[in-house]
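Using the sequences and the hints, build the whole thing.
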Amino acid sequence: MKTQVDNPILEVHDLTVSYNKKPVLWGIDFTLPKGVLVGIIGPNGAGKSTLIKTIMGLIPAASGFVKLFDKQLEEVRGKVSYVPQRESVDWDFPASAFDVVLMGRYGKLGLFKRPRKADKEVAMECLEKVGMQQFAGRQISQLSGGQQQRVFLARALAQDAELYFMDEPFAGVDAATEAAIIEILKRMTEAGKTVVVVHHDLQSVKEYFNWLLLLNMRLVASGPTNQIFTEELLQETYGGKLTLLAKVGDLLAKQEVPAREK
Amino acid sequence: MNDLINFITLSDPNTRYVVLGVMLMSAGASVLGCFTFLRKKALIGDAIAHAVLPGVCVAFILSGEKNPILLLLGAFATGWFSVYAVDFIKKNSRLKEDSAIGLVLSVFFGIGILLLTYIQHSGNALQSGLDSFIFGKAASLVSADVYVFGTVAVLLIVVVFFLFKEFMLISFDENYAVSIGFPVKTLEFILTTLTVLAVIVGIQAIGVVLMAAMLITPAAAARFWTNRLPIMLMLAASIGIVSGIGGSFVSYTISGMPTGPWIVLFVSFIAMISFLFAPQKGLAYRWYGREKHKALIMEENILKAFYQLGEQDENFFKERTAEELSDKRGYPIAVINRWFSKLVKHGYLISKNNQYTLTEEGKVKGQRVTKLHRLWEMYLTEYVNLAPDHVHDDAENIEHIITPEIEKKLEEQLQYPNKDPHDSHIPYR
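Chains as they are written, first to last, in our numbering: chain A, 1 to 262; chain B, 1 to 429.
None of these hints come from the bench; they were simulated from the model. Where a beta carbon is used, it is the ideal one built from N, C-alpha and C, also for glycine.
Mimicking DSS-like on lysine-lysine, the simulated pairs with C-alpha atoms at most 27 Å apart in a straight line are: (1) B:K185 with A:K113; (2) A:K2 with A:K186; (3) A:K79 with B:K165; (4) B:K165 with A:K108; (5) A:K113 with B:K165; (6) A:K79 with B:K185; (7) A:K108 with A:K67; (8) B:K185 with A:K21; (9) B:K90 with A:K21; (10) A:K22 with B:K91; (11) B:K292 with B:K363; (12) B:K90 with A:K22.
Now the in silico label distances, taken between C-beta atoms and shown as ranges: (13) A:G239 with B:H422: 50 to 58 Å; (14) A:D201 with B:K408: 29 to 37 Å; (15) B:I113 with A:D29: 53 to 61 Å.
As structure tokens, this is what we get:
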């Protein structure tokens with residue numbers, strides 16, 4: 001069950017991704033319209049993070065291609081923002097919340113240039129938007145998990161992008177932060193931005209997202225939430241891995257045969 | 001004494017070169033070391049330092065002279081190669097990073113020692129002093145060395161200054177740096193190259209064996225004192241410079257003393273001081289915090305006991321003895337007496353002929369702790385569903401750490417209950 005859209009803001013075409021020759025995503029193919037709040041839903045190990053990392057060019061694709069705004073990623077980097085998983089960085093790093101949010105301006109600044117006054121003002125505004133202005137000078141290890149996630153969100157806001165990819169922004173955050181974050185994301189999509197979120201709490205899916213990607217090594221379904229958030233499709237997504245798919249993947253890894261000719 | 005004056009005034013031009021050279025080298029290594037440290041690649045510095053030796057030897061064998069530029073090139077080639085050898089082994093074998101580093105380090109250093117022995121027996125008179133690369137000898141630095149190495153060290157610091165934002169980003173969040181289109185591979189290449197350069201300009205003064213310490217220890221020490229990266233870099237550089245001066249002074253005044261080990265001793269001493277006495281992160285500070293909390297617990301427990309005895313007798317200001325308190329809390333009499341005098345000093349108790357009475361402040365404090373204890377017991381039974389006979393021990397700990405904000409929330413959430421789970425009255429003010 002896949003809803004394809006015209007003039008998509010994101011087109012993922014027949015994307016296969018492998019770790020050490022073992023495919024973890026098979027032939028992912030979907031399109032996203034502008035201005036939707038998208039949840040990528042699927043069990044652990046389904047390849048949710050891998051999908052957005054591949055879209056952001058952090059992991060090479062074995063085959064297939066990704067187009068954003070009908071262009072290559074390199075041409076539209078300024079319009080795309082990526083929020084990594086909170087655990088992917090060392091929060092003991094000697095930096096303040098403000099320092100991290102200021103990093104959101106680095107892409108616009110380019111190499112060698114120092115942040116200008118305007119950049120610092122934007123960073124402060126973004127901290128305010130996530131309700132963290134009073135923690136601007138706080139060392140990042142002294143923030144709670146929820147506060148750290150807010151800092152990451154503020155950094156993404158400072159990028160002033162059109163399309164956002166967020167890897168598990170609700171992992172390990174308190175209920176108040178989760179509500180605050182989803183509120184901000186909803187406001188962003190109302191303003192015409194598109195937000196793609198890796199998510200794994202089925203309870204809140206209907207309330208949070210108006211578009212879904214159901215993923216489990218392959219794309220089970222993609223489309224508006226009210227059409228594809230069905231018991232049947234969820235069953236298919238969460239009903240265990242396809243054993244044959246996993247077995248063939250293992251075979252590919254063992255024999256070191258390349259996926260496709262590459 | 002003369003030595004000291006000569007050293008401080010830098011009256012001898014040779015000393016001037018040596019000290020200046022060592023200062024620049026130490027600063028360069030310390031600044032680059034901050035990034036190595038933050039990127040958790042401390043051991044790589046060790047591999048580079050050891051791998052430099054064969055490069056120096058090969059350069060000497062090929063040129064037959066101790067030209068600092070050629071030696072630097074040779075050192076750079078093998079030092080840099082070692083980084084990629086570690087990477088290659090890590091990617092293409094089952095060895096993890098630590099084993100790969102150990103392997104590269106020992107193989108390169110072994111070859112280096114082999115070549116050095118060969119050179120020493122080759123009869124080339126120019127080779128004298130080449131062995132100072134192992135432990136470092138600042139005194140063996142001549143003006144040509146200082147010019148070359150000093151220039152490189154200054155260059156390193158300048159590059160870090162201009163690429164500070166980029167290096168900070170790739171050290172903190174590499175994936176994000178890729179996602180905003182920064183040339184992360186190139187930046188990493190530059191950072192690795194700078195690190196190799198920082199190591200090789202230091203080896204003549206500090207020696208290959210201990211150069212890694214110069215890279216990492218100032219950074220580790222500086223991290224204890226600050227949470228800001230720019231300050232950390234400056235602090236590390238200062239620590240490096242001070243140790244460099246100290247080490248070269250010892251090596252200058254006492255003949256036969258190697259510079260490297262002395263610099264490392266100085267830098268390790270500073271690191272140790274930081275580890276022990278830095279505010280917040282230092283061991284002494286944390287120990288002091290724990291002791292302070294322990295004292296708070298003792299004081300509050302005694303005042304609580306006074307208050308609860310007062311509840312029983314319906315007289316909070318009755319005079320009591322140490323024995324009474326000892327019976328109530330189970331502390332030895334001597335301990336109780338010690339804390340009594342402290343509480344008298346702090347204005348919570350009044351003493352008269354070995355009898356003690358609560359002051360008004362003491363009663364308020366004892367009452368608050370009693371209230372918090374009972375409120376927490378209530379909370380545990382009502383919200384955490386613990387049995388009433390399982391909540392006392394927990395409350396003994398929590399009563400001392402509840403802040404006024406939590407206290408207020410606790411009261412509101414429980415709606416000011418009158419009795420705790422054991423039917424004791426909860427006293428509000």
